[in-house]
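Protein chains: 4
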Amino acid sequence: MGILLKGGNIITATDSYYADIRIEGEKIVAIGSDITQSDDEVISAKGSYIFPGGIDSHTHFGLDVGSTVTADDFYSGTKAAIVGGTTTILDYATQNKGETLQGALKQQFEKAEDKCFCDYGFHMGITDWNEFVNSEMADMVNVGITSFKLYMAYKKTLQVDDGIIYKALKRSKELSALIAFHCENGDIIEVLIDEARKNNYKSPIYHALTRPVNVEREAIARLLEIAELVDTPVYIVHLSSKAGMDCILDAKKRGVKVYVETCPQYLLLDESYYKGIDVNSFEGAKYVMSPPLRKTSDNLALWKGLSYGDISIVGTDHCSFNYIGQKDIGLTDFSKIPNGAPGVEHRIALLYTYGVLTGKININQMVALTSTDAAKVFGIFPKKGTIAVGSDADIIVWDKDYIGEISAKTQTQNVDYTPYEGFKQHGRVKYAFLRGEMVVIDGNVKIIKPTGKYLHRINGR
Amino acid sequence: MGILLKGGNIITATDSYYADIRIEGEKIVAIGSDITQSDDEVISAKGSYIFPGGIDSHTHFGLDVGSTVTADDFYSGTKAAIVGGTTTILDYATQNKGETLQGALKQQFEKAEDKCFCDYGFHMGITDWNEFVNSEMADMVNVGITSFKLYMAYKKTLQVDDGIIYKALKRSKELSALIAFHCENGDIIEVLIDEARKNNYKSPIYHALTRPVNVEREAIARLLEIAELVDTPVYIVHLSSKAGMDCILDAKKRGVKVYVETCPQYLLLDESYYKGIDVNSFEGAKYVMSPPLRKTSDNLALWKGLSYGDISIVGTDHCSFNYIGQKDIGLTDFSKIPNGAPGVEHRIALLYTYGVLTGKININQMVALTSTDAAKVFGIFPKKGTIAVGSDADIIVWDKDYIGEISAKTQTQNVDYTPYEGFKQHGRVKYAFLRGEMVVIDGNVKIIKPTGKYLHRINGR
Amino acid sequence: MGILLKGGNIITATDSYYADIRIEGEKIVAIGSDITQSDDEVISAKGSYIFPGGIDSHTHFGLDVGSTVTADDFYSGTKAAIVGGTTTILDYATQNKGETLQGALKQQFEKAEDKCFCDYGFHMGITDWNEFVNSEMADMVNVGITSFKLYMAYKKTLQVDDGIIYKALKRSKELSALIAFHCENGDIIEVLIDEARKNNYKSPIYHALTRPVNVEREAIARLLEIAELVDTPVYIVHLSSKAGMDCILDAKKRGVKVYVETCPQYLLLDESYYKGIDVNSFEGAKYVMSPPLRKTSDNLALWKGLSYGDISIVGTDHCSFNYIGQKDIGLTDFSKIPNGAPGVEHRIALLYTYGVLTGKININQMVALTSTDAAKVFGIFPKKGTIAVGSDADIIVWDKDYIGEISAKTQTQNVDYTPYEGFKQHGRVKYAFLRGEMVVIDGNVKIIKPTGKYLHRINGR
Amino acid sequence: MGILLKGGNIITATDSYYADIRIEGEKIVAIGSDITQSDDEVISAKGSYIFPGGIDSHTHFGLDVGSTVTADDFYSGTKAAIVGGTTTILDYATQNKGETLQGALKQQFEKAEDKCFCDYGFHMGITDWNEFVNSEMADMVNVGITSFKLYMAYKKTLQVDDGIIYKALKRSKELSALIAFHCENGDIIEVLIDEARKNNYKSPIYHALTRPVNVEREAIARLLEIAELVDTPVYIVHLSSKAGMDCILDAKKRGVKVYVETCPQYLLLDESYYKGIDVNSFEGAKYVMSPPLRKTSDNLALWKGLSYGDISIVGTDHCSFNYIGQKDIGLTDFSKIPNGAPGVEHRIALLYTYGVLTGKININQMVALTSTDAAKVFGIFPKKGTIAVGSDADIIVWDKDYIGEISAKTQTQNVDYTPYEGFKQHGRVKYAFLRGEMVVIDGNVKIIKPTGKYLHRINGR
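Residue numbers (our numbering), protein chains in the order written: chain A, 35 to 495; chain B, 35 to 495; chain C, 35 to 495; chain D, 35 to 495.
Be aware that a few hints might be false.
It does not matter which identical chain is meant; a pair holds if it fits inside one copy or across any two.
For lysine-lysine, the following DSBU-like pairs were computed, each having C-alpha atoms within a straight-line distance of at most 35 Å [unchecked claim]:
1) K232 <-> K370
2) K287 <-> K309
3) K480 <-> K61
4) K394 <-> K286
5) K286 <-> K149
6) K40 <-> K291
7) K204 <-> K140
Treat the hints as calculated values from the structure; they're not laboratory data.
The shape of chain A in the complex, shown without the other chains (with noise of 0.2 Å):
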């Protein structure tokens, strides 16, 4: 016995058609023009896309930032991953210096197991090095966590030099692996907020102007010139800016190869969010983030870019902070604000209303854009990332009839804002399946507990 999907306008990154998709136990088994199959469940999927089950390869649930930790945990973070029609999340681990990755391994899976409504994987970030880290890299890579990150920002906390960002591109090419960078100068923008400390500066919109489009620039262009020279392919992180897409453009030219993700913040809010009501206003702390938001030219450049194919992959950099209570921690300080803002449970959404409705990109780049590029960097295809015969049955059945307006009040994000507050919603999640399991209908969870695995991931391509 297994689940009939009839009828749905069947998307994967390349394809487009109609046809009926069979399921049996956590498979598609079948797809064609009319399979007939007595015994099964039948579900109608007439007048629906449908797409595979988006990954969102960018969250940071249950993060603790030293003043506070976010809002969402793996279990509130991953409900609305579903809910959004994302059926696999990828979480940063994070070493803390002089510990090790095993320890922040462990730590991460305890916040996670037993409370992912999807299935989910971590890459680990590094933030220190010796020989021991060096050793513990292979270590990740065969419990499935093939990718890492190191950040090229935040000084004294997360940042590493160049000389580490070498050594550990060179011992990624060894293992196959990839490693993912936060491509902003921390040393510059260490020094700029204190310039603006200085100046009694305290507004949210200090946190953009200490952040300028030169930081991310720059550091672009500094791990290009690493990657070149090791000669191994890098993944850019959350990029912000055209001043970044151009430089990765040129580096691109001479041969070296990047992966490139933006999110959906990047692309729909620009800089004006920051001013608020008023100059006095302390809403633009919603939309603290890092990198900050930019221009409305850079949005162009980067629908340009998703368009063009040199990005690839859009995450959400999840993370998730209450207006009240949290962001507030910086009312008197911007450079206290916590960094980030909620965004998993809209991504596919806004992709589709402000993307493809709009003709800015095409819904076959949609799904590559929001799952099957994902699958193949981080290694889970084709397990995970399309509808074929042998995959999952992650599937998303996508009612297009859908009209709404995205809301704090209606969503099921664990946060008292959106930063997409009275944005449209065209479309929505008719139907959800996590590995033949129906967890979605029309929006709401249909399940009780969590069912989401870990994904034991190999090295992408």
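Mind docking chains B, C and D on chain A? Use the hints.
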């Protein structure tokens, strides 16, 4: 009753998985993990790749170049195509100056009808411009000719000026059609040829020396300025150089939309081939084509272009002339050597052997480059270009264990040489299906009468 | 007996110092810290700058454009020149299609002889090509015409094709001569004008809209490709855009050698001038010139070009037509408005006021841009273009305390408007010497009969 | 009573003419076409060029590098300078970490005082940052040290981080001072050296291999981003590569203001010199300097940079160590070889012989590159850097008929080798005047006691 293709490794532009394929009539009707249907003919594809039938978007069969007619007509050319795994070709009809598009199309239909072993469509070459041509462009789209071609080279015969390029692009934008461009500056080439002839330079190498890379880059830059003015996509045929590639990348950075095609000869051969055995050798004539072969650094840049997605289509510009009896028209004057070389038969094998097996591209990219993207760009997707339920059963079962060598002696192409003589060939067509009918077994055509049909194309993406 | 110019601040392209200058006959014979010579006429230059006489390398005096003849002939034009501190002009003789260079030169000599208040030379415009023209180029060099001009715009009248550009550059390389280029794509402009006229667009703004920046950048890119092929320097007249500037910088990175000229109008005026008082206003006609005025961002990019040495010459393209009686030929058809604007009189004052005093360029750069570099490039250095012993005593004593306003009412130019009406003017000519003779005092011409001589130029650097 | 230098061909950055020069005391007082003054000492310069005295803006005399002290101190170094036509040098004082600028300056004065055969000034190297250093920068400007230096390489000794670069540039902007930068990424170099040593790589070639061109381009790109943020000009010392040059050109396109210096070694020598006679040879140690020698394509790109004005200064980075007794400290460990090579003596002759006589640059450019531009950039113009009335009589009479060969045997530099051994030398100093005093005749120093004075510099342009 249908055909059941069992156990192959299905490769699309995105996917790679093992499954059975069921064909009914001309279509793929089901893909499943273990399909059983009692009355089907069962064919094993175990151990083989399954590709969508190849699409060669650039052939010249039965082309009259004034002094002679190509060695391959539609009959021999399409026969060679299917042997090589190409089940669709797009050939060029070309208006004569002062004549109508309708007239050119009629002639081309006469040449192709009932002679094609694969499905076929036409692009329409425009060499003259007036109000009537402007109006005929719509007629062409109405009969399925949704792509056109303009030549920036071949002064006095095919070349159009920049005003016509502008006007034709405006019109193509109105019609949502696409124009392909031969990008070489014909004015300069004419002068360089005159210079060479005055200097009594006669041997084939002067073909290359009178078409330096600058004339390609210049024409590309010019075209992309006009495309930017008109704000419509363009298609560049047979890109041959790194300089041209970089020029395209710079224009894309500004937002210009352009599809790029290259050919196996520009990936695998270089200008050293013009030298032949000694300086007076005429061997180089085999490689006289336009644009000419370049340097190995250009080959590498184009491979990078394939790998990075900057080039999306590999056609052949198949245009064959016998070395003895045709190429030798230019024995004492390089400028009289008929331009062109054969290739339709070996395109996929060359990409597989020298691209996939060397790691320069992956196997999904190979499928995209040789089939899927051409289908999308030229408006025949998803009928052609993929392995999906509802698509035409144009299927290649690829014997990956075959090892051979390319040679004129064994080729199906009706021409007395191949530019790839002695090249290794790994893999070949075990079975080729055209709309459900098996037409090739183990590299041999198994049908007598051509069954190819004309493709009424719609506007591509 | 000579003239002793005492106490001025001598400014050359390199130097800035206080010294006395002694003139004997037509030459500077000594520069010293305190020269005394009993029988000299002593003139105080205390508190003034001393510049080498200006060189305007781009004027069109007495030019017949078919429908009318420029308002300024050589008499009024050169009179305005010396009033403004320009003691040398280089005007354009232009071959008519089908006629000889010799014929064009003869006509130009007839127009200029005995009518010039400053020294003068000619560039030779070539509009037609054949063996005889090829041979005449050497004749021109022999009589001191060492620079030529080709037009990439003005289809059917002046425009040449790329083959002619190539051949003329080859010839200029043999002769060590230099060719100046008007870089706009005439084919496209013609089509855009046709389009505009079909749409019944009539007002002057359409002059600008039918000559978009793309047609300038395209022509520059094309020219520089040909120059690279021929491997010889070229000269670009009246650069108007940032896009063009960047295109030149890219070519220079590859090694192409190019001299660049711009004009005050492209530094100081922008497209807003076309709008006039209201949309139906014809005021914009005053600014109808080719290339047209651009955006303020283009102005800034060109100022940067001056400051960074990417542009080495500021000419005027002086080509004056009265607003009443000449510009209004195009009252109901923008494409009939005679192209051009006056400027020879105000060039140096504009550069001084808006360049030097604003800090955009320094005063040595001003001298280089308005005099020295033109002298070097066009083969009249060090006779002209500097303040040095042995050079012609073409000397401007610049009253830096003068403050006035530019106005048609007070100008010497024989035209009923100036594009700089109402512009502030700081500084003016206190004395101008032409080969040792004082010809201007406090902005007034003090001689009756013109004394300018023809300059037999040699090949420039 | 003065000195009358008769009949020379005076060459400045702009001019070239024949005239007499009259010197009175330390100054040039007159330049004239035929000066007679009865009581002057008359010296013939007929047949010679007359250049302004050379300025070497980059020397390290008496530098203690820890393991040893440079072979040339101020005495021998400046003696070699004047022999080669250089009458001004700018050396580097360098703060030790934790110490004051004042202290470093005091030490440097002690080393230089009464020992200099030419005039001299200092740049101040900053290696540490705090409020006191910030304040001392103004003190330095007040005593004539208007330029500073920061190192992006030499981790743990000289290197500063990006935050310090930002702060120092902010401060230099306030003071209208200029900062020079050594652009190599020290973090990466350190790792590469560690790698090489672990691999037991010992020979001098590994010096070059551990400082690849990427580390120079990266540092340049980073610096120019910071300069853009601060909006102030910067100075790049000893540019060595085409990659670096192109990176600079790209930043200038955006508007970044940067002065660029290269050295004769990067124009004339390449990495083949590291190989020595055989692989185990230590000869390569003579060329161990940072950045290292590059490829011939880099040489060519830098020559183009000189010719096109993209590089405005040629210094030497003279830093000499004997091959026997000093360089051999690194006999079994390339990383211990003292960095640097001699050059102050041969700079002008090399530029003249290999630049001017080959046509790569013209003779005015040579003067600008070896004298004028350094004078302007570093605030000693027009006292130094030109031949003009009122300027110091620092004059080189250049015997252009001399033909010789560069050799350690005949050099004045106090070091046992020269990297230019066996290089042809055309031209040499016939007479050198320092502030009116003749100090060199025919390549021999004719005074016993050094007469050089400290130059209190003002802010340069």
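Against the structure, the hints come out as follows:
1. K232 <-> K370: Within one copy only: 15 Å inside, 44 Å across.
2. K287 <-> K309: between (38 Å within a copy, 31 Å between copies)
3. K480 <-> K61: within (20 Å within a copy, 38 Å between copies)
4. K394 <-> K286: both (23 Å within a copy, 15 Å between copies)
5. K286 <-> K149: neither (40 Å within a copy, 45 Å between copies)
6. K40 <-> K291: Cα proximity of K40 and K291: none, with 41 Å in one copy and 37 Å across.
7. K204 <-> K140: within (25 Å within a copy, 46 Å between copies)
The earlier numbered hints that this structure contradicts are 5, 6.
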